[in-house]
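Here is how the chains run, residue by residue.
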Amino acid sequence: AAGVIQSPRHLIKEKRETATLKCYPIPRHDTVYWYQQGPGQDPQFLISFYEKMQSDKGSIPDRFSAQQFSDYHSELNMSSLELGDSALYFCASSPTGVKPDTQYFGPGTRLTVL
Amino acid sequence: AQSVTQLDSQVPVFEEAPVELRCNYSSSVSVYLFWYVQYPNQGLQLLLKYLSGSTLVKGINGFEAEFNKSQTSFHLRKPSVHISDTAEYFCAVSDRTSGTYKYIFGTGTRLKVLA
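Sequences listed follow chains W and D, in order. Mapping of the first sequence onto my numbering: position 67 corresponds to residue 1018, and the numbering continues sequentially without gaps. Mapping of the second sequence onto my numbering: position 42 corresponds to residue 43, and the numbering continues sequentially without gaps.
By construction, these hints were calculated from the structure, which means they are not laboratory data. For clarity, every value in this text was computed on a predicted model and none was experimentally measured. Treat the hints with caution; some may be incorrect.
Okay, derived cross-link-like pairs now, BS3-like style, lysine-lysine, Cα gap no bigger than 27 Å in a straight line [as the list claims (entries may be wrong)]:
| # | chain 1 | residue 1 | chain 2 | residue 2 |
| --- | --- | --- | --- | --- |
| 1 | W | Lys966 | W | Lys1003 |
| 2 | D | Lys50 | D | Lys70 |
| 3 | W | Lys1050 | D | Lys59 |
| 4 | D | Lys59 | D | Lys70 |
| 5 | W | Lys1008 | W | Lys973 |
| 6 | W | Lys1003 | W | Lys1050 |
| 7 | D | Lys113 | W | Lys1050 |
| 8 | D | Lys113 | D | Lys50 |
| 9 | D | Lys50 | W | Lys1050 |
| 10 | W | Lys1008 | W | Lys964 |
| 11 | D | Lys50 | W | Lys1008 |
| 12 | W | Lys1008 | W | Lys1050 |
Sequences and hints are given; from them, build the entire structure.
Structure follows, in structure tokens:
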């Protein structure tokens, strides 16, 4: 069965640089979520998209932006990177985000900011 | 907003012994609860979920959980653990403030199975 694909799996950046993380949801899933998991912490909700429209925002810094494209893949853009942005970033997709349902998680992108 | 509390940050248990990982949720009219497992350097895998219906939920890998409304709990149990169950376990509640449902995770419980 198809799973959520994230790229790259690992990313190393310097402070003040920019990073772009990509997510390819499971086909026919209409909702994409982004979560940030700091070292030894639980995943924190950043932002979600439903049918290619931004739907909900969590604790996402203003330096971060995200969008979902016509083919449903999503990108998380991170600018002016800080050391504290080092974390595991998960993308998840759901068959529909307007009902409570299972979210299927990708393997994550590990971002290291030096 | 809803929340979940995982009271135990670490649980050591010997192989083939039973285990219970505790999760309590904040009271609400409608509650949708999930347990996920995370192996080192991997993503989150669904173990089981409660959306409605039977309060005893069976999941993968021999895990089960019971939704207890009076105690606002959703504890995860396994009658006999294996070394391979060593991982981080997250309880999550599905919450909607606007737009889509999102997960609010507990702080996680690290299960360490000892030989």
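Taking the hints in turn, this is what the structure says about them:
1. For the given pair, W:Lys966 sits about 31 Å from W:Lys1003 by alpha-carbon distance, which is inconsistent with the 27 Å threshold.
2. This hinted pair checks out: D:Lys50 and D:Lys70 have alpha carbons roughly 15 Å apart, not beyond 27 Å.
3. Distance check on the hinted pair: W:Lys1050 and D:Lys59 sit about 21 Å apart at the alpha-carbon level, within 27 Å; holds.
4. Restraint check for D:Lys59 and D:Lys70: the C-alpha separation of about 17 Å stays at or below 27 Å, so the hint holds.
5. Of the supplied pair hints, the one linking W:Lys1008 and W:Lys973 holds, its CA atoms being roughly 18 Å apart against a limit of 27 Å.
6. At roughly 17 Å between alpha-carbon atoms, W:Lys1003 and W:Lys1050 fall within 27 Å of each other, so this suggested pair holds.
7. For the proposed pair D:Lys113 and W:Lys1050, the alpha carbon gap of about 34 Å is over 27 Å, so the pair is violated.
8. For the hint pairing D:Lys113 with D:Lys50, the CA-to-CA distance comes to about 23 Å; that is within 27 Å, so the pair holds.
9. The hinted pair formed by D:Lys50 and W:Lys1050 meets the criterion: a straight-line CA distance of about 14 Å does not exceed 27 Å.
10. Between W:Lys1008 and W:Lys964, the direct Cα distance comes to roughly 25 Å. Compliance with the 27 Å bound is thereby established for this hinted pair.
11. Between D:Lys50 and W:Lys1008, the direct Cα distance comes to roughly 24 Å. Compliance with the 27 Å bound is thereby established for this hinted pair.
12. Note on W:Lys1008 and W:Lys1050: the hinted pairing holds, with a Cα-Cα distance of about 17 Å set against a maximum of 27 Å.
Taken one by one, the earlier hints fail for this structure at numbers 1, 7, listed in ascending order.
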